[in-house]
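S.K.: Spelled out from the first residue to the last, the chains are:
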Amino acid sequence: MAALVSGPAGADALPLDKVLLTVKLIPGGRGAPRVLHLDLATLQALPHRRFTTTTIWTRGPQRFEGVLLRDLMLALGARPGAMLLAHATNAYSARIPLSSATDPGPIVAYLRNGKPMTLRENGPLWLVFPYDADRRWQTEVVYSRSIWQLDQITIAPGPAPD
Amino acid sequence: MTKTADQVTKPPEGARAPERAPERAPERVPERDRGRWPRRLGFALAIVAILSAIGVLMAEVVARMDSLQTAEADNLQWSLSQVEVEFLLLEDTVTVARMTHSGQLGPELAAVRKRFNLFYSRLRTVQTSPHFSPVRDDGEGGAAIAHIGNFTLRMMHLVDGPDATLAAQLGDIGQQMAVLRPDVRALTVQGLAVFARIADQSRAALGATLMRLAVLTFALIVVLGGLAGALAWLNRVNRARMAEIARTRARLETILATALDAVLVTDARGLLQEMNRAAEEMFGLDVDSARGRALNQMVAPSEADAAQDAGLAAYLITGAPATIGQGRRRLQGQRADGKVFPVELALAAAEGEEGGGTLCIAIVRDISAQDAADRALRDARDRALAGERAKAEFLAVMSHEMRTPLNGLLGTIELLAQERLSPKQAEYVEVMQSSGRHLLRHVNDVLDIARAESGRAPVTLEPVDLARLLGEVAAGQRGLAEAAGNRLRLDLPDPPLPPAEGDPARLRQVVLNLVGNAVKFTENGTITLALQPLAGDRVELRVTDTGPGIAAEDLDRVFADFVTLDASYRRNVAGTGLGLGIARRMVAAMSGEIGVDSTPGMGSSFWVRLPFRAATAAPAPRPAPPAALPRTRPLDLLVVEDNRINRFVVREMLEGMGHCVTESADGQEGAALATAKRFDAILMDISMPRLDGVEAARQIRAAAGGSGGAPIVALTAHAQPAEHARFRAAGMTESLTKPITRAALAALLHRLLGGGTAAPAPAAPVLLDLDHLVEMSEQLGAAFPPLLRRFEAEGAALIGDAPTETISAAALHRLAGSASVFGAVALQARLARAETKAETGAEIDRAALAALWKQTLAALEDALDEGEDAADPSSAAG
Chain A
883 MAALVSGPAG
893 ADALPLDKVL
903 LTVKLIPGGR
913 GAPRVLHLDL
923 ATLQALPHRR
933 FTTTTIWTRG
943 PQRFEGVLLR
953 DLMLALGARP
963 GAMLLAHATN
973 AYSARIPLSS
983 ATDPGPIVAY
993 LRNGKPMTLR
1003 ENGPLWLVFP
1013 YDADRRWQTE
1023 VVYSRSIWQL
1033 DQITIAPGPA
1043 PD
Chain B
40 MTKTADQVTK
50 PPEGARAPER
60 APERAPERVP
70 ERDRGRWPRR
80 LGFALAIVAI
90 LSAIGVLMAE
100 VVARMDSLQT
110 AEADNLQWSL
120 SQVEVEFLLL
130 EDTVTVARMT
140 HSGQLGPELA
150 AVRKRFNLFY
160 SRLRTVQTSP
170 HFSPVRDDGE
180 GGAAIAHIGN
190 FTLRMMHLVD
200 GPDATLAAQL
210 GDIGQQMAVL
220 RPDVRALTVQ
230 GLAVFARIAD
240 QSRAALGATL
250 MRLAVLTFAL
260 IVVLGGLAGA
270 LAWLNRVNRA
280 RMAEIARTRA
290 RLETILATAL
300 DAVLVTDARG
310 LLQEMNRAAE
320 EMFGLDVDSA
330 RGRALNQMVA
340 PSEADAAQDA
350 GLAAYLITGA
360 PATIGQGRRR
370 LQGQRADGKV
380 FPVELALAAA
390 EGEEGGGTLC
400 IAIVRDISAQ
410 DAADRALRDA
420 RDRALAGERA
430 KAEFLAVMSH
440 EMRTPLNGLL
450 GTIELLAQER
460 LSPKQAEYVE
470 VMQSSGRHLL
480 RHVNDVLDIA
490 RAESGRAPVT
500 LEPVDLARLL
510 GEVAAGQRGL
520 AEAAGNRLRL
530 DLPDPPLPPA
540 EGDPARLRQV
550 VLNLVGNAVK
560 FTENGTITLA
570 LQPLAGDRVE
580 LRVTDTGPGI
590 AAEDLDRVFA
600 DFVTLDASYR
610 RNVAGTGLGL
620 GIARRMVAAM
630 SGEIGVDSTP
640 GMGSSFWVRL
650 PFRAATAAPA
660 PRPAPPAALP
670 RTRPLDLLVV
680 EDNRINRFVV
690 REMLEGMGHC
700 VTESADGQEG
710 AALATAKRFD
720 AILMDISMPR
730 LDGVEAARQI
740 RAAAGGSGGA
750 PIVALTAHAQ
760 PAEHARFRAA
770 GMTESLTKPI
780 TRAALAALLH
790 RLLGGGTAAP
800 APAAPVLLDL
810 DHLVEMSEQL
820 GAAFPPLLRR
830 FEAEGAALIG
840 DAPTETISAA
850 ALHRLAGSAS
860 VFGAVALQAR
870 LARAETKAET
880 GAEIDRAALA
890 ALWKQTLAAL
900 EDALDEGEDA
910 ADPSSAAG
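Quick mapping for you: the protein sequence lines, in order, are chains A and B.
Just so we're aligned: 1017 in the numbering used here is position 135 of the first sequence, and the numbers increase by one with no gaps anywhere.
Just so we're aligned: 641 in the numbering used here is position 602 of the second sequence, and the numbers increase by one with no gaps anywhere.
By construction, these hints were calculated from the structure, which means they are not laboratory data.
Just so it is clear, CB atoms sit at the ideal spot from N, CA and C, and this is done for glycine as well.
Don't take each hint at face value.
Stated by the list, open to error - Computed list of lysine to any residue pairs in SDA-like fashion (alpha-carbon distance at most 25 Å, straight line): (1) Lys153(B) - Asp176(B); (2) Lys153(B) - Leu922(A); (3) Lys153(B) - Leu967(A); (4) Lys153(B) - Arg137(B); (5) Lys900(A) - Arg137(B); (6) Lys153(B) - Gln1034(A); (7) Lys997(A) - Arg152(B); (8) Lys997(A) - Gly200(B); (9) Lys997(A) - Arg163(B); (10) Lys153(B) - Met999(A); (11) Lys900(A) - Ala149(B); (12) Lys153(B) - Ala914(A); (13) Lys997(A) - Ala149(B); (14) Lys900(A) - Asp202(B); (15) Lys153(B) - Thr940(A); (16) Lys153(B) - Thr1036(A); (17) Lys900(A) - Arg152(B); (18) Lys900(A) - Met999(A); (19) Lys900(A) - Pro146(B); (20) Lys559(B) - Leu536(B); (21) Lys559(B) - Ala523(B); (22) Lys997(A) - Lys559(B); (23) Lys153(B) - Leu1001(A); (24) Lys430(B) - Phe598(B); (25) Lys153(B) - Leu993(A); (26) Lys153(B) - Gln214(B); (27) Lys153(B) - Asp953(A); (28) Lys716(B) - Asp681(B); (29) Lys153(B) - Val917(A); (30) Lys153(B) - Thr904(A); (31) Lys900(A) - Asp199(B); (32) Lys153(B) - Asp899(A); (33) Lys153(B) - Gly913(A); (34) Lys900(A) - Gly200(B).
Unchecked claim - From chain B, some residues computed to sit far from chain A (all C-beta separations above 10 Å): (35) Leu115; (36) Tyr159; (37) Pro169; (38) Pro444; (39) His477.
Let the hints inform the model, and build the full structure from the sequences given.
M.R.: Rendered as C-alpha cells:
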C-alpha cells in the first residue's frame, strides 16, 4: 500500500489506458495536491468485498465485487472527516462525505456478476451501495452518490477533521 | 412520519388511564354496576375496532411513506433525461467528426465511440431496469424506445467495426440521429408524463389513506370523548352514591353509638372486631384492647340453653357462626371484672368485606334491671297468693277448730234436752240449741268459702235431672216460703230436658242459696224457679221473686262476700251474707255465670247459666228415707275420738240408745283395742294424733282377728265426696258428718247392723222424709215448735176427726205447704191431688185424707219422740 501511494512517479509509470481511477489527494494546509493513478491490479490488490443486490438501474439481482470505499480512501491517505468528490466519465459528479463510507457500505466495484464491466455496462468502476441490505441505502442521496463509470475521486480535507 | 404515528397512537393510551377509576367502583356497589358491563364492552369494542383500523391505516401510510422514502422516481427522471443528454452529446460528437478532416479523424472517432458507449449505457438502463417498465409499457414511450433501440443496435455495429466503416457512415449516422431526435424528445417527455402520473396516483392514494386515517382518528376522538363524558357522568354518580353511603354510614354509626344495647361484631371465628359504646360500658372493655377477644369469653350460654340450642352453643364454644340460628336468647354476659349479668342476645350473620368471610353481629341487652323487676313482681305475686292461701287456710282451720267445740256444745245441749227440765230450763236449752245451730251454719258457710278458695273442692260429675233437682229444692223450701205468705212456683220446660252431666251437690246448694235468699226477702209474694234451655248448649236456672228488689248501684255487690245490703233487711233477715258469694264461687267452679236483674220495688231475678252436657247415664234414684227413727238391738261399740267432749257426747247418745260403748282417745289405741276384741261396730274420728282414722281403719282391716270384719264408721267434719272415697278405700264402711245427732246415729246403726227387732219393711209407704224433718228443725230452730203446733191445728181443722173448715183449694194448698215443711211427703202429695180436684170441683176422698193425716201425725210424733234431737224440744213436754 505504501508503494501504492508512494508518489506520482510510480503512478505515472502506468500506461494511461490501464488507469481505471485517478485519485487527487488535496492535503490539509499548504501542501500541493497529489494525483494517484490506480489500475485494476492495484484495486484488486486491496481487500475485496462482494455483495449481491438489486439496483434501480438494472434488471434482477446483481453480484458486485470490489474494494470498500472506506478502505480505499483510508489506504490512499484520506483523513476522517474528509470530503470526497467523485467524477464519472460523462462529467457527472457527486460529493460524498467520508463518514458515509461505512463498513458495510459502498464499494468501488470492478466486477459485476464475476466479469469486468465495460463502459456500456456502466463500468469499468461503479460505486455501488448494498441497497437491499438496508433501507438507508435506498434514498435519493444514496442513488445520487451511486456513480457508475467512475473515473476520478478528489479527496479534500473536511471542514473540521476532528 | 414515525412522529405522526406516535401522535395518533398515544392518545388512546392516555384515554385508557382514567378508565381504571370506574373499574374500582364495582368493589363498593357491585350489584349496581353489573348492568353497565354491556355498555362498557361496547365502548371497549369500538375503541379496539377503531384502533385496529388506525393500525392498519398506519401500516399502509408507513408503507407508502417508505416507498416515497426510497423513491426512485426522481432519479429515474434524471436517468431518463440523461438519455437525451447523452444522445445530443453523441450527435454533437458525430457532427464534429463529420466535419473533421479525414487525416485527423482518429481521436474524433474515439470520442464518438466513447460517447456512444456512454449513451448506450444510459439507454440500456432505460431498456432493462424494471423501474422504467411504465415508460416502456406506455404506447409512445415504448415506440420511442424501440426506435432508439433499433438505431443503437445499427450504430453499435458501426462503432464496433473498423474506423473506415465508421467514418464512412458518419454522415448517415448524423442524418439518422437528426430523424431520431423527436423520438428521443418524446421519450423524455413521455417518461416525464408517465412518472408524473404515477406520482399523482401514489400521492392520491396516500392522500386517501391519510384522509381515511383522519376520519378514523376523528371517530376515535368522538368515541373517546363520549367515553370520557360517560366516565365523567359515572364519576359524578359514584361520588353522589359515595356521599349517600357516607351519610348512611354516619347515621348508622350515630345510631350504633347512641344505642342502649351493646352491638358486637365478630369475624367468622367469633373473634371481636368492633363494638359500640354501649358494649364498652356493658362489658367494661374498650374496643381497642378488646379487639380479637372471643365472643364466648364475653357471652356464655347457661347449661340449660346450651342443651336446648346446640347451634348457639356450638357457635359460642367453637366460634363457628355457620350453625347459629335466629331469635332472642337469654344468656349470661361476663364483664371484664368477672361480674356476671343476665343478657338477651340476638345473633345475625352478615357478609363481610370481600374475601373477609362472614361477619357475625351480636346485639346484647343487659336485662339485669328487667330480671330484677320481674323477680320483684313474681315475689309480690307469690306473697299475695301465699297470703290468700294462708287466709283460706286460716279460715278453714278456724272454722274446723270452731266446729269441734261447737259440736261438743250442740251434742251436750241435745243430751241436756233429754233430761227432765223445768219449762224455763227447757226454754233456755231451746235458745241455746237454736243459737248453736245458727253459729254452726255460719261456720259451715265460711268453711265452704274457704274450701272453694283453696281449690280443695273438685267438681264431681254425675247425671243430674235438673227439673227433679229444682222440684226437690222447691219442695224443701215451700214450707218456709209459705210461712212468709209466699207462693213458690216451678216453671219447667216442656218437653223436659234430658239428664245433664253435673255436680248435684253444688247445683243443689246454688239453687238452695238463691231460693233461700228469695224466701228471706220476700213476703206475701211469688217466688218462681224457672229452668229453660239456652242456645249453644247452655241452660238457665232462674229464681225470680217479687221482693223489694235491689238498687242498680248495689247489683254488682250482691255476690261479694259478707254483703248484706241494707241495715233494715238485716233486722228482718239473719245471715252471714255469704250465701250468694258461695253460689258465685260454685257457679264459677262449674264454668257457669251468675247474675241478677232487679227493679227496686218490683223484685229481683237471679239467674245461673251453665254449660249443658247431656248425661250418658240416667240419674241415680235418691235413696228413700227411712220411715221412722229405727231401733237397734243393744250393741257393743268402740268410739275412737281424740276430742274428749265429742267422745263424751257420742257415748252419751249411744248409751242413751241402750248400747255398750268402749272409748279410745287416738287411732293407735283404737286400733289396738279393735284388733284385740270383736266389736259390733267402730265409730272412728278421722284426724287424730299419733295415728289418724284412715290408717287405724287400715290396720284394723289388715289384722286377722278382732274387729276386722266389723263395720267402721268415719266421723268426719264436713268431708267431701273425694274423701269419702279415700275412707272407703281404707276399709271404712260409712261416713257420718258432724255434728252428730241421735237420729243420724240411730239410722246409721240400724242400716249397718239393722235387723234386730224392728227392721222396716222396704215396701212400706213413706210417710215422712226424716232427713228433711231433721234439716228443717235445725234450720228453723226456735220457730219449729210453733210451726208444728200450727200445722197440727190446721190439719185437725181441715181433715181431722172433726173438721171445722170447709175444704177449699186454698186451704188444701196451705196445708200441703205446711206438710212439706215437716217432710210429710205422702200427705203433701195427697193434699196436692186434692187441691187439683177442689179447683176442678171434683169429689175429694175425705176419709182417705183423714186416715193419712192420722198416720202422718203418728209418724211425726214417733220421729220426734225418738229423735228429739232433730225436733222440737217442747215435744218432750207434750
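S.K.: Now tell me if each hint is right for this structure.
M.R.: Evaluated hints:
Restraint check for Lys153(B) and Asp176(B): the C-alpha separation of about 30 Å exceeds 25 Å, so the hint is violated. For the suggested pair Lys153(B) and Leu922(A), the alpha carbons sit about 20 Å apart, so the restraint of at most 25 Å is met. For the proposed pair Lys153(B) and Leu967(A), the alpha carbon gap of about 23 Å is at most 25 Å, so the pair holds. Of the supplied pair hints, the one linking Lys153(B) and Arg137(B) holds, its CA atoms being roughly 16 Å apart against a limit of 25 Å.
For the hint pairing Lys900(A) with Arg137(B), the CA-to-CA distance comes to about 29 Å; that exceeds 25 Å, so the pair is violated. Using a Cα cut-off of 25 Å, the hinted pair Lys153(B) and Gln1034(A) holds, with the two alpha carbons roughly 17 Å apart. About 21 Å separates the Cα atoms of Lys997(A) and Arg152(B), which keeps this hinted pair within 25 Å; it holds. Restraint check for Lys997(A) and Gly200(B): the C-alpha separation of about 23 Å stays at or below 25 Å, so the hint holds.
Annotation: proposed proximity of Lys997(A) to Arg163(B) holds, straight-line Cα distance about 17 Å (limit 25 Å). Under the criterion of a C-alpha separation no larger than 25 Å, the hint pairing Lys153(B) with Met999(A) is consistent with the structure, at around 14 Å. The suggested pairing of Lys900(A) with Ala149(B) holds, with an alpha-carbon distance near 16 Å, which does not exceed 25 Å. Of the pairs offered as hints, the one joining Lys153(B) and Ala914(A) is violated, with about 32 Å between alpha carbons and a cut-off of 25 Å exceeded.
Between the alpha carbons of Lys997(A) and Ala149(B) the distance comes to roughly 24 Å, so the proposed pair stays at or under 25 Å and holds. A hinted pair counts as satisfied when its Cα atoms are at most 25 Å apart, and Lys900(A) with Asp202(B) qualifies at roughly 22 Å. Among the hinted pairs, Lys153(B) with Thr940(A) is consistent with the structure: their alpha-carbon atoms are about 21 Å apart, no more than 25 Å. Only pairs whose Cα atoms come within 25 Å are accepted, and Lys153(B) paired with Thr1036(A) is accepted, the gap being roughly 23 Å.
Using a Cα cut-off of 25 Å, the hinted pair Lys900(A) and Arg152(B) holds, with the two alpha carbons roughly 18 Å apart. Restraint check: the Cα-Cα separation between Lys900(A) and Met999(A) comes to about 14 Å, which is no more than 25 Å; the hinted pair holds. A distance of roughly 18 Å separates the Cα atoms of Lys900(A) and Pro146(B); the hinted pair therefore holds under the 25 Å criterion. Our distance criterion of 25 Å between C-alpha atoms is broken by Lys559(B) and Leu536(B), whose separation comes to about 29 Å.
Distance check on the hinted pair: Lys559(B) and Ala523(B) sit about 9 Å apart at the alpha-carbon level, within 25 Å; holds. Under the criterion of a C-alpha separation no larger than 25 Å, the hint pairing Lys997(A) with Lys559(B) is inconsistent with the structure, at around 168 Å. At roughly 8 Å between alpha-carbon atoms, Lys153(B) and Leu1001(A) fall within 25 Å of each other, so this suggested pair holds. Taking the CA atoms of Lys430(B) and Phe598(B), the gap is near 19 Å; set against the 25 Å cutoff, the hint holds.
A hinted pair counts as satisfied when its Cα atoms are at most 25 Å apart, and Lys153(B) with Leu993(A) qualifies at roughly 20 Å. As the CA atoms of Lys153(B) and Gln214(B) are separated by approximately 20 Å, the hinted pair is consistent with the 25 Å bound. Under the criterion of a C-alpha separation no larger than 25 Å, the hint pairing Lys153(B) with Asp953(A) is inconsistent with the structure, at around 30 Å. For the hint linking Lys716(B) to Asp681(B), the alpha-carbon distance of about 20 Å falls within 25 Å, and the restraint holds.
About 24 Å separates the Cα atoms of Lys153(B) and Val917(A), which keeps this hinted pair within 25 Å; it holds. For the hint pairing Lys153(B) with Thr904(A), the CA-to-CA distance comes to about 18 Å; that is within 25 Å, so the pair holds. Straight-line distance between C-alpha atoms of Lys900(A) and Asp199(B) comes to about 20 Å, which keeps the hinted pair within the 25 Å bound. For a cut-off of 25 Å, the pair hint linking Lys153(B) to Asp899(A) stands: about 13 Å separates their Cα positions.
Taking the CA atoms of Lys153(B) and Gly913(A), the gap is near 35 Å; set against the 25 Å cutoff, the hint is violated. Restraint check: the Cα-Cα separation between Lys900(A) and Gly200(B) comes to about 22 Å, which is no more than 25 Å; the hinted pair holds. With 10 Å as the threshold on Cβ separation, the claim that Leu115(B) sits away from chain A is violated: the shortest Cβ distance comes to roughly 7 Å. The claim that Tyr159(B) lies off the interface is violated: its Cβ sits roughly 4 Å from the closest Cβ of chain A, which falls inside the 10 Å cut-off.
With a closest Cβ-Cβ approach of about 6 Å to chain A, Pro169(B) is found to fall inside the 10 Å limit, against its non-interface label. The claim that Pro444(B) is not at the interface with chain A holds, since no C-beta of that chain comes within 10 Å of its own (minimum 144 Å). Taking the minimum C-beta to C-beta distance to chain A, about 145 Å, the non-interface status of His477(B) holds against the 10 Å cut.
Taken one by one, the earlier hints fail for this structure at numbers 1, 5, 12, 20, 22, 27, 33, 35, 36, 37, listed in ascending order.
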